[in-house]
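J.: One letter stands for each residue in the lines below.
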Amino acid sequence: GAGVSQSPRYKVAKRGQDVALRCDPISGHVSLFWYQQALGQGPEFLTYFQNEAQLDKSGLPSDRFFAERPEGSVSTLKIQRTQQEDSAVYLCASGLAGVETQYFGPGTRLLVL
Amino acid sequence: LAKTTQPISMDSYEGQEVNITCSHNNIATNDYITWYQQFPSQGPRFIIQGYKTKVTNEVASLFIPADRKSSTLSLPRVSLSDTAVYYCLVGAVNYGGSQGNLIFGKGTKLSVKP
Numbered sequence: 002g003a004g005v006s007q008s009p010r011y012k013v014a015k016r017g018q019d020v021a022l023r024c025d026p027i028s029g030h031v032s033l034f035w036y037q038q039a040l041g042q043g044p045e046f047l048t049y050f051q052n053e054a055q056l057d058k059s060g061l062p063s064d065r066f067f068a069e070r071p072e073g074s075v076s077t078l079k080i081q082r083t084q085q086e087d088s089a090v091y092l093c094a095s096g097l098a099g100v101e102t103q104y105f106g107p108g109t110r111l112l113v114l
Numbered sequence: 329l330a331k332t333t334q335p336i337s338m339d340s341y342e343g344q345e346v347n348i349t350c351s352h353n354n355i356a357t358n359d360y361i362t363w364y365q366q367f368p369s370q371g372p373r374f375i376i377q378g379y380k381t382k383v384t385n386e387v388a389s390l391f392i393p394a395d396r397k398s399s400t401l402s403l404p405r406v407s408l409s410d411t412a413v414y415y416c417l418v419g420a421v422n423y424g425g426s427q428g429n430l431i432f433g434k435g436t437k438l439s440v441k442p
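So the protein lines, in turn, are chains A and B.
Throughout, my numbering is defined as the position within the first sequence, counted from one, plus 1.
Throughout, my numbering is defined as the position within the second sequence, counted from one, plus 328.
None of these hints come from the bench; they were simulated from the model.
Hints should not be assumed to be uniformly reliable.
Under the rule of at most 25 Å between Cα atoms (straight-line distance), these lysine-lysine pairs were calculated in the BS3-like manner [what the hints assert, rightly or not]:
hint : chain 1 : residue 1 : chain 2 : residue 2
1    : B       : Lys434    : B       : Lys380
2    : B       : Lys441    : B       : Lys380
3    : B       : Lys382    : A       : Lys58
4    : B       : Lys397    : B       : Lys441
5    : A       : Lys58     : A       : Lys12
6    : A       : Lys58     : B       : Lys331
Partial pick of chain B residues on the chain A-facing surface, computed with a CB cut under 10 Å [as the list claims (entries may be wrong)]:
hint : residue
7    : Thr332
8    : Gln366
9    : Phe374
10   : Val383
11   : Val387
12   : Val413
13   : Tyr415
14   : Gly419
15   : Phe432
16   : Gly435
Only part of the chain A face toward chain B is listed, based on derived beta-carbon distances under 8 Å [as the list claims (entries may be wrong)]:
hint : residue
17   : Gly29
18   : His30
19   : Ala39
20   : Gly43
21   : Pro44
22   : Gln103
23   : Phe105
24   : Pro107
None of the values given here were measured: they were computed from a predicted structure.
Glycine included, C-beta positions come from ideal geometry on N, C-alpha and C.
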């Protein structure tokens, strides 16, 4: 079946621009995660959804970062007034409820100039 | 939060067994240990998950001692295609709860040579 998809795959933004990154999880997956991965580093947790409920957003680096999953399926990570330090790969993962395998998407590579 | 420590890199040759150890001294009672493989420009891919003792699947084994302060991923008979970065992830999510303790290590870059 189809895996996790993310769009766009690449995004170039000018500093100060707002961006929206989309994640389409595997159908039926209850859990959805967003991670930020800087070059040469491991993924860093940003936020976690259980269906439409955002149960943890402790990893979001600032109030410029906002994530939503209004219908418990597709999720959008929005970054307002982008800064150069926001340049990274943003990974989305989905999974079944509970402690389980996370299935990752290919990521969106964001470059802020 | 459970911080993880892994070797930065490892070298091996085709056909050898590779063991990668991850230290996680502050692992919590509810935390699971999961290992992922990542190729360039791709998202991480699940390899194996465990809570304690030994877990084996078709691609790897995971050894977890009784104190759970470390774990070892064992890859039997590696091939060139196993060249990748390997991450251990310690943490847990609970349905209906809030667990912001999903910690990836910095990864171990495994290079397999012919």
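J.: It remains to establish, for every hint, whether it holds in the given structure.
T.: Hints versus structure:
1. B:Lys434 / B:Lys380: Measuring from Cα to Cα gives roughly 22 Å; hence the hint holds.
2. B:Lys441 / B:Lys380: violated (32 Å)
3. B:Lys382 / A:Lys58: With a Cα-Cα distance of about 33 Å, the restraint between B:Lys382 and A:Lys58 is violated, given a limit of 25 Å.
4. B:Lys397 / B:Lys441: Since the Cα atoms of B:Lys397 and B:Lys441 sit roughly 31 Å apart, the hinted pair is violated (cutoff 25 Å).
5. A:Lys58 / A:Lys12: holds (23 Å)
6. A:Lys58 / B:Lys331: holds (19 Å)
7. Thr332: For B:Thr332, the interface hint holds, since the closest Cβ of chain A sits about 9 Å away, which is under 10 Å.
8. Gln366: holds (8 Å)
9. Phe374: Because about 5 Å separates B:Phe374 from the closest Cβ in chain A, which is inside the 10 Å limit, the hint holds.
10. Val383: violated (13 Å)
11. Val387: Result: violated, 13 Å to nearest chain A Cβ.
12. Val413: holds (8 Å)
13. Tyr415: holds (5 Å)
14. Gly419: holds (8 Å)
15. Phe432: Holds - the Cβ of B:Phe432 comes within 10 Å of chain A, reaching about 4 Å at its closest.
16. Gly435: holds (5 Å)
17. Gly29: violated (15 Å)
18. His30: violated (12 Å)
19. Ala39: Violated. Min distance 11 Å.
20. Gly43: holds (4 Å)
21. Pro44: holds (5 Å)
22. Gln103: With a minimum Cβ separation of about 7 Å from chain B (threshold 8 Å), the hint on A:Gln103 holds.
23. Phe105: holds (3 Å)
24. Pro107: Nearest chain B Cβ about 5 Å off; hint holds.
Figure legend: structure checked against the earlier numbered hints; hints not met, in rising order: 2, 3, 4, 10, 11, 17, 18, 19.
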